[in-house]
Amino acid sequence: MSGYVGRRLVVSAFVLILVSAVTFLLIHLQDGDVLSAALRQRLPQAQVEKLRAEVGLDRPWWEQYGDWLGNAVRGDLGNSLYRRQESVWGRIRNAMPVTAELLVIALLSAMVIGVPLGVLSAIRRNTLIDHFVRMFAITGLAFPVFWVGTVVLVYGATWFGYSPPLVYVHFWEDPRENLSAVLVPGLVLGYNLAAYTMRITRSAVLEVLAQDYVRTAWAKGLGERTVVTRHVLRNSLIPIATIFGNLLVFTLGGTLVVEAPFHLPGLGLLTLDAIRTRDYTLMQGCVVFIAGGAILGNLLIDLAYTRLDPRVRLGARAAA
Amino acid sequence: MSSNYWQRRLSRRSAIRVGAGAGVGLAALSLIGCGGDDKASPGPGTGTGTAPATGTAPSGSTGTPAPGVSLAQQYRDQYSYKKLAELPGQSAGPKQGGTYRFSTYPLVDWDLTGPSGDVLAAYAPNHFNGLVTFPMDDFSNAHNLYKQVGDLAASWEQVDELTLTFKLNPGVKFHDVAPVSGRELVAEDVKYCYDIYKTTVAQGPTFEDVESTTAVDPTTVQLKFGKPAAYFLQALLYPVNLIFAKEAYEDKAGFATTPIGTGPFVLDAYDPATIYSGKRHPEYFKKDAKGIQLPYADGFEAPLTGGNLPIEESAFLDGKIDTIWTHTKSAFDRMLAAFPDNVGQVTTPPPGYLHFITLKLDKPPFDDVRVRQALQHLIDMNQLVNGVAEGLAEPALAHDFSFFGREFPWSQDELVAMGGNYAYDPTTAKQLLSAAGFESGIGRTMTGIYDIGDNLAAETYRAINNMWRQAGIDVAGEEIGVADFARLANAFYGKDWGDMDYVGFENSGPGIDEDQYCFGPLSSKSARNVYWINDPALDDLTEKQRRIFDLEERRGVCTEIIKQELTQSYRIWGIMPYKLGVRRGYSYNIVDTIHAWANLGWGCKSDEVVWFNGQA
Numbered sequence: 001m002s003g004y005v006g007r008r009l010v011v012s013a014f015v016l017i018l019v020s021a022v023t024f025l026l027i028h029l030q031d032g033d034v035l036s037a038a039l040r041q042r043l044p045q046a047q048v049e050k051l052r053a054e055v056g057l058d059r060p061w062w063e064q065y066g067d068w069l070g071n072a073v074r075g076d077l078g079n080s081l082y083r084r085q086e087s088v089w090g091r092i093r094n095a096m097p098v099t100a101e102l103l104v105i106a107l108l109s110a111m112v113i114g115v116p117l118g119v120l121s122a123i124r125r126n127t128l129i130d131h132f133v134r135m136f137a138i139t140g141l142a143f144p145v146f147w148v149g150t151v152v153l154v155y156g157a158t159w160f161g162y163s164p165p166l167v168y169v170h171f172w173e174d175p176r177e178n179l180s181a182v183l184v185p186g187l188v189l190g191y192n193l194a195a196y197t198m199r200i201t202r203s204a205v206l207e208v209l210a211q212d213y214v215r216t217a218w219a220k221g222l223g224e225r226t227v228v229t230r231h232v233l234r235n236s237l238i239p240i241a242t243i244f245g246n247l248l249v250f251t252l253g254g255t256l257v258v259e260a261p262f263h264l265p266g267l268g269l270l271t272l273d274a275i276r277t278r279d280y281t282l283m284q285g286c287v288v289f290i291a292g293g294a295i296l297g298n299l300l301i302d303l304a305y306t307r308l309d310p311r312v313r314l315g316a317r318a319a320a
Numbered sequence: 321m322s323s324n325y326w327q328r329r330l331s332r333r334s335a336i337r338v339g340a341g342a343g344v345g346l347a348a349l350s351l352i353g354c355g356g357d358d359k360a361s362p363g364p365g366t367g368t369g370t371a372p373a374t375g376t377a378p379s380g381s382t383g384t385p386a387p388g389v390s391l392a393q394q395y396r397d398q399y400s401y402k403k404l405a406e407l408p409g410q411s412a413g414p415k416q417g418g419t420y421r422f423s424t425y426p427l428v429d430w431d432l433t434g435p436s437g438d439v440l441a442a443y444a445p446n447h448f449n450g451l452v453t454f455p456m457d458d459f460s461n462a463h464n465l466y467k468q469v470g471d472l473a474a475s476w477e478q479v480d481e482l483t484l485t486f487k488l489n490p491g492v493k494f495h496d497v498a499p500v501s502g503r504e505l506v507a508e509d510v511k512y513c514y515d516i517y518k519t520t521v522a523q524g525p526t527f528e529d530v531e532s533t534t535a536v537d538p539t540t541v542q543l544k545f546g547k548p549a550a551y552f553l554q555a556l557l558y559p560v561n562l563i564f565a566k567e568a569y570e571d572k573a574g575f576a577t578t579p580i581g582t583g584p585f586v587l588d589a590y591d592p593a594t595i596y597s598g599k600r601h602p603e604y605f606k607k608d609a610k611g612i613q614l615p616y617a618d619g620f621e622a623p624l625t626g627g628n629l630p631i632e633e634s635a636f637l638d639g640k641i642d643t644i645w646t647h648t649k650s651a652f653d654r655m656l657a658a659f660p661d662n663v664g665q666v667t668t669p670p671p672g673y674l675h676f677i678t679l680k681l682d683k684p685p686f687d688d689v690r691v692r693q694a695l696q697h698l699i700d701m702n703q704l705v706n707g708v709a710e711g712l713a714e715p716a717l718a719h720d721f722s723f724f725g726r727e728f729p730w731s732q733d734e735l736v737a738m739g740g741n742y743a744y745d746p747t748t749a750k751q752l753l754s755a756a757g758f759e760s761g762i763g764r765t766m767t768g769i770y771d772i773g774d775n776l777a778a779e780t781y782r783a784i785n786n787m788w789r790q791a792g793i794d795v796a797g798e799e800i801g802v803a804d805f806a807r808l809a810n811a812f813y814g815k816d817w818g819d820m821d822y823v824g825f826e827n828s829g830p831g832i833d834e835d836q837y838c839f840g841p842l843s844s845k846s847a848r849n850v851y852w853i854n855d856p857a858l859d860d861l862t863e864k865q866r867r868i869f870d871l872e873e874r875r876g877v878c879t880e881i882i883k884q885e886l887t888q889s890y891r892i893w894g895i896m897p898y899k900l901g902v903r904r905g906y907s908y909n910i911v912d913t914i915h916a917w918a919n920l921g922w923g924c925k926s927d928e929v930v931w932f933n934g935q936a
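Protein chains in written order, with this note's numbering: chain B, 1 to 320; chain A, 321 to 936.
FYI, nobody ran anything at the bench for these hints, they're computed from the structure.
A few of these clues could be false.
Calculated from the model, a selection of chain B residues having no Cβ within reach of chain A, i.e. all distances over 10 Å [what the hints assert, rightly or not]: (1) L35; (2) A53; (3) W61; (4) G75; (5) Y82; (6) N94; (7) D130; (8) P165; (9) A219.
Sample of chain A residues facing chain B (criterion: CB under 8 Å; computed from the structure) [unchecked claim]: (10) T419; (11) S423; (12) V428; (13) D429; (14) K493; (15) V497; (16) P592; (17) G627; (18) N628; (19) A635; (20) D638; (21) N854; (22) D855; (23) P856; (24) N933; (25) G934.
We treat Cβ as the ideally placed atom computed from N, Cα and C, and that holds for glycine.
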């Protein structure tokens, strides 16, 4: 197991370097740079060149990337180029809890709502309950998250006197204020994920329900609860765990769709800000951080397989 | 900013509120499921939008102006700044206390001398003062800003055409923040700043004729000019010509992160991801006419929402901010109706914010005046005003109408009379193109870009492109999102014009003197001319108006400049949208003027006089 994890971590490091290099190249392929985003007036060319030299933009891109990579390997992500007084790590550190909270709420709601509804829908197949739950799932998948978020903002204020706090406060500073900021957007994001989870769970449960061992369990006279929880649900968890990993990765990179309308200063909004301002140090930091999170999440899910299904073996032994 | 949760009790009301918040997601889903329309309706307990200063909501709020009166005229009359003086509470006068809450955008840094220093015009006056400023409160004549009032300067004298002397207010103190630590301002500080400003991006053009700045004594500053600079005093109002301390500037990193000035508020917090806030400067030197210490408010809190309209509207409806810029007529009507005592103000568009298109004038066929005139004739201004801006806009022209003593922008008929090709006339356009050698379109695809960061501007450019297409011109306009702003900016600086024929702009400023709309964009010798205009006649006229101190004579020259520009159609004009502001009825002096829109523009200068009568 430890050998497998070690190999995965080494490969992950290369993946991160590749991601950072591609991101860096893509930024530099685009027109404009951080100066053209910051400047509001035409400057004499000499002055522009002086400013470019000040932030190191006068050098070839591979030199800039080499410098960035060298520092990043030593744990120094550098300073933002747009807001030069701020460290990239400082901004990521501030944004991280916001995105983490959204992730937790969204994934929890996906599991808490999506899995039971999926099971219910499967065991009550083709009943009114099934139809209702499937409709719930289809609407959740059909409506874009940012649109649902905007509807919640506009009608929430008009009909329910609800508006999210304009300023994000960390959970440890004020839990109530914090939750009033992240709970609704987390649920909006979670609704979409729950719909997806429900669909996958329903399919997985239906498949297991058709297995011989389930028929045997029914034949033994076991109660519905026992059959579902002991025999069906446990054996349906592998595909659910797989999509959970996918959802984690998808949501980590996709929280922007709720961070933007709800103005939550998370990693998504920070990355968008970096793109908008052509701030390559900040963008590199954000992308590497998000990619790292996604890689780690996938690794954890792979490891979880061994717990969920003893037949699964990872690494060399499995290959053997 | 907020007190610690652990020191407070979780009340039942607040618990319900959080619960309600959690329920909103499900409520929205039920809305979706029901397939209801997305037309907002007032919530329970909301009023009908009668503004005390402006009477009942006009019939225009239902989109039906009175016969013979344009919607714009109806709204600007109904929600005129003139009615602000009649607000209940004005007679009792200002009160101290309260926190002014508004939403705004994050900024790059606090470096007034930096490459993005001009953006600070919407923030820096909270923390710094200039020598002179403009009057700005509910009682000021907001539509005639060609006048100056003292800020740090108690008085000033134009000794002769080349000498200007300022006498400073005594006892002005900087914020008590290291390294300045509350010391007194002296004339040497002004000299220090003005010497630096001669070479900076935002201030340089204003100071280019200043030959020397001398601190005659601790409270007297004398400016010597190389040439007569009739524009200078008014241009000095541009609120980035502000005074800082030498020791603050020498701490380069600190200067960019912490504004330390003499201004009404000391920076409390600034985090580009969340909040900008300030608290009262306890040693502020200004008092009002009744002797009440300024600023009236204890401080301000500005969430940096960055133009997120749904969340701003939601916050205003929920009472979390005191004022909102509503952008559209429908939003204006809705926000006004949210609370019975809300106050609306519809403000004449500033010449610095308007939608227009600039062409690559040295590239065929745009070097032919007939083609340019045809392009302007193909734009149906009525369609743009009524169709795109819901009736609340005027035909655009980037010149300061208030400089000419006007309260409102020129009408389309007046612009036509001055030589503008504003009349929608496809027949004339076709004849002009034919005379230029084009029987169909302009002989090739016309390529360009425009920013869609501003919805109204984007709609204007789309409509203009379609109008040109209907006339047979093959137009390929590329929409540039906010994320690609840098690309637009590059076009702005003239670097990436290679394949582009036009760029859609939303901003013709900054400027607070007509010189900044004459010499700035129109002289080939100006650094602010990014429009490829190279006209010897305009070079002469724009230089000439800078040297004339007689206002009437100068107005005459500037009128000639406008006529020359309009006749030549150097820029293709769209529309100037009105500013549609709504504020809570308990707030005073949150006022817009034609140049200074509160609070996202120079209107932040008025923050020191904002006051509240029973803030919610």
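Here's how the hints hold up against the structure:
Some Cβ of chain A comes within 10 Å of the Cβ of B:L35; the nearest lies about 7 Å off, and the non-interface call is violated. At roughly 13 Å, the least C-beta separation between B:A53 and chain A is larger than 10 Å, which holds for a residue marked as non-interface. With 10 Å as the threshold on Cβ separation, the claim that B:W61 sits away from chain A holds: the shortest Cβ distance comes to roughly 16 Å. Residue-level check passed: B:G75 sits 22 Å from the nearest beta carbon of chain A, beyond 10 Å.
Not every CB of chain A lies more than 10 Å from the CB of B:Y82, the least distance being 6 Å, so the non-interface label is violated. Separation of B:N94 from chain A is inadequate, the least Cβ-Cβ distance of about 6 Å not exceeding the 10 Å criterion. B:D130, annotated as away from the interface, keeps every beta carbon of chain A farther than 10 Å; the closest lies near 17 Å. For B:P165, the condition that its CB be more than 10 Å from all CB atoms of chain A is violated, with the nearest at approximately 8 Å.
B:A219, annotated as away from the interface, keeps every beta carbon of chain A farther than 10 Å; the closest lies near 41 Å. Given hint, A:T419 at the interface with chain B, is violated; its Cβ is 13 Å from that chain's nearest Cβ, farther than 8 Å. Here the hint on A:S423 is kept, as its CB sits about 7 Å from the closest CB of chain B, short of 8 Å. At its closest, the beta carbon of A:V428 sits 5 Å from a beta carbon of chain B; the interface hint therefore holds under the 8 Å criterion.
At its closest, the beta carbon of A:D429 sits 6 Å from a beta carbon of chain B; the interface hint therefore holds under the 8 Å criterion. Proximity of A:K493 to chain B is violated relative to the hint, the smallest CB-CB distance being about 26 Å (cut-off 8 Å). At about 16 Å, the closest approach between the beta carbon of A:V497 and any beta carbon in chain B exceeds 8 Å, and the interface hint on this residue is violated. Taking 8 Å as the C-beta contact cut-off toward chain B, the hint placing A:P592 at the interface holds, the least distance being around 6 Å.
About 10 Å separates the beta-carbon of A:G627 from the nearest beta-carbon of chain B, more than 8 Å, and the hint is not met. Among the interface hints, the one on A:N628 holds; its C-beta lies about 5 Å from the nearest C-beta in chain B, closer than the 8 Å criterion. Below 8 Å, beta-carbon pairs count as interface contacts, and A:A635 has one with chain B at about 5 Å; its hint therefore holds. Against a cut-off of 8 Å between C-beta atoms, the interface hint on A:D638 holds, since the closest Cβ of chain B lies about 4 Å away.
Violation of the interface hint for A:N854 is found here, the shortest Cβ-Cβ separation to chain B being roughly 15 Å, above the 8 Å cut-off. A cut of 8 Å between beta carbons decides the hint on A:D855: the least distance to chain B is about 18 Å, and the hint is violated. Violation of the interface hint for A:P856 is found here, the shortest Cβ-Cβ separation to chain B being roughly 21 Å, above the 8 Å cut-off. Of the supplied interface hints, the one on A:N933 is violated, with its beta-carbon coming no nearer than about 23 Å to a beta-carbon of chain B, more than 8 Å.
With its C-beta approaching chain B no nearer than about 20 Å, A:G934 sits outside the 8 Å limit, and its interface hint is violated.
Figure legend: structure checked against the earlier numbered hints; hints not met, in rising order: 1, 5, 6, 8, 10, 14, 15, 17, 21, 22, 23, 24, 25.
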